[in-house]
Amino acid sequence: MSESAAVVWTLVQKELRDASRSRWLAGFALTFTLLALGLSLTGSASDAQGGFSRTTAGLVNLCLLLVPLLCLVLGSSAVVGERERGTLATMLAQPVSPLELLIGKYVGLTLAVWAAVGLGFGVAGLAIALLHPITGIVQYLLFGLLSAGLTMTMLAVGLLLSVVSDARMKALALGMVTWFVLVLFYDLAAIALALTFSTSGQALLLAVLANPVEGVRILAVIELQPDLRILGPMGAYLVNELGVPTTRTILLAQLAAWTVLPLVAAWRLFEQQDYA
Amino acid sequence: MVMPLVARSVGKRYRTGAALDDVTFELASGEVLALVGPNGAGKSTLIKCVLGLIQHSGTVEIGGVAVERHGKAARKLVGYLPQNPAFHPDLTVRETALFYADLRRVPHERARAGVEAIGLGEHAEKEVAALSGGMRQRLALALALMAEPPLLVLDEPGAGLDISARLELRRLVQDERERGTAVLLSTHWLEDVPYIADRVLTLREGRVTSLGPASEADLIAHATSRLFLRLNGRSADAVALLERHFPESPVARSGDWLVVTCAASRKARVVEAVVEAGISIADIRVEEGTPDATQPEAAAATS
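In order, the protein sequence lines correspond to chains A and B. Numbering-wise, the first sequence is residues 1 to 276 according to the numbering used here. Numbering-wise, the second sequence is residues 1001 to 1303 according to the numbering used here.
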């Protein structure tokens, strides 16, 4: 293992150890698992043909609501929390570069959230498999992958908020505002803005690209059931104008960009900062 | 031969003004350089610049490696003891030692031995949060020494240590010097400086006011201490004794305590005199580096 990889791996292990002791993450894992299990059982009771497809549809809303919340909370306190404790300077006084520290934190948090979300998917999947003939499992797994992607994106955004904040409470507040805007407020605001300033398709496209959560929602609906009513105005426009394959490519690229750009910005800003 | 540490025109500006301005010095192998100066003089800021923990102007080279461009490679050559060591509170002493050993790529065996050597072996499974300030300081020292670096940077290493631990620290610095390690230490224990350091760099308002052999530094003579003595009775006798033997050192009362303001180098003599007179001392407390109003230069150098 190269020296940098060994340092990053040490930091990843430290994050995983912290995560295993985190009440936040344990609470999330438990809540998510119970809700996912509830969805799978409810689906079974209401629809004999439901199985994975029905549960996946239910999980979309749950994931889009909870995963960004958890990631923004964990990500936004990752760096600034160390800074407040004074441990950031202790770690960076070692042969550790700022980039290695950021990567170690990011990868560690990503694995921890994947584990928590994976637990929910796993338990719900097991329940469905026991109660139903196995159909729609591909969509279920695809949505699991999309949730993994959403985790990476929202943690990257959270980490950027953490780097630019000088206090943990400020970072958490920024994280909560970001969650509120992206998850709860955005749909209405984006449509209103797009319709107020421009009714062109370009405005709708920009409105989608500006919100990775919306992108993941449209991707999930496309994979599950490309129904224009469920896709919403932005999704419907994309599918109608560009077709499913192009829409899928654009949205996956959007997810990648929303992951890489905040990470690069966090790294460049972090490098310029004082650590003590 | 490559110098373990070379600082050239190092400066640091905050919005409020310059914290360091044009600081230049070199440190050779087996040499101990003491940084002294009043609070806010820039000692800790200079140390943070040396480690690359803060952005600064000028250049710092550790073992010929530029900290500004190759911080990670440079820090591999440094062991650092911070003024207030901060560790992850929920990790145990053992976990902390192994975490930093992994970051430095030091074998776990050596990390464990380091923890034992500083007397924390029996506390290895204790969480860092449960350690006293002195124990945390010792843990930080063990971590600083773990990789046997050619340069040791100690920021106020005496802070939080009792007298015996301070003497131990003196010995440790001597041992490191004999091993050829270069040591940069900031301290306000000025009476230690002639015993511990080869040269003294005095900072004031971020500027170097003197840099020279420790033996020639006159700030030691001006350093004052406030010695707090709680006696088991016979306070009046003690006051009379001290006024007779140490007329230059004012004695005051503060509750149960007698407060003697004396030259830092004389405080052991004061205690000795009280004990020799058969007066029993229940407790002692020392405040070092009290500014001496009659010695503005010394006051500046000792606070």
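Hints should not be assumed to be uniformly reliable.
[Unchecked claim] Derived DSS-like pairs: lysine-lysine, alpha-carbon spacing no greater than 30 Å straight-line:
hint : chain 1 : residue 1 : chain 2 : residue 2
1    : A       : Lys14     : B       : Lys1076
2    : A       : Lys170    : A       : Lys14
3    : A       : Lys14     : B       : Lys1126
4    : A       : Lys14     : B       : Lys1072
5    : B       : Lys1076   : B       : Lys1126
Note that these hints are calculated values from the structure, not bench results. In this text, all values refer to a predicted model and were calculated from it rather than measured experimentally.
Right, here's what the structure says about each hint:
1. Between the alpha carbons of A:Lys14 and B:Lys1076 the distance comes to roughly 20 Å, so the proposed pair stays at or under 30 Å and holds.
2. Distance restraint check for A:Lys170 and A:Lys14: the Cα-Cα separation of roughly 24 Å lies within the 30 Å cut-off, and the hinted pair is therefore satisfied.
3. Annotation: proposed proximity of A:Lys14 to B:Lys1126 holds, straight-line Cα distance about 18 Å (limit 30 Å).
4. With a C-alpha separation of about 19 Å, the suggested pair A:Lys14 and B:Lys1072 falls inside the 30 Å cut-off, and the hint holds.
5. Distance hint between B:Lys1076 and B:Lys1126 is fulfilled; the C-alpha atoms sit about 28 Å from each other, no more than 30 Å.
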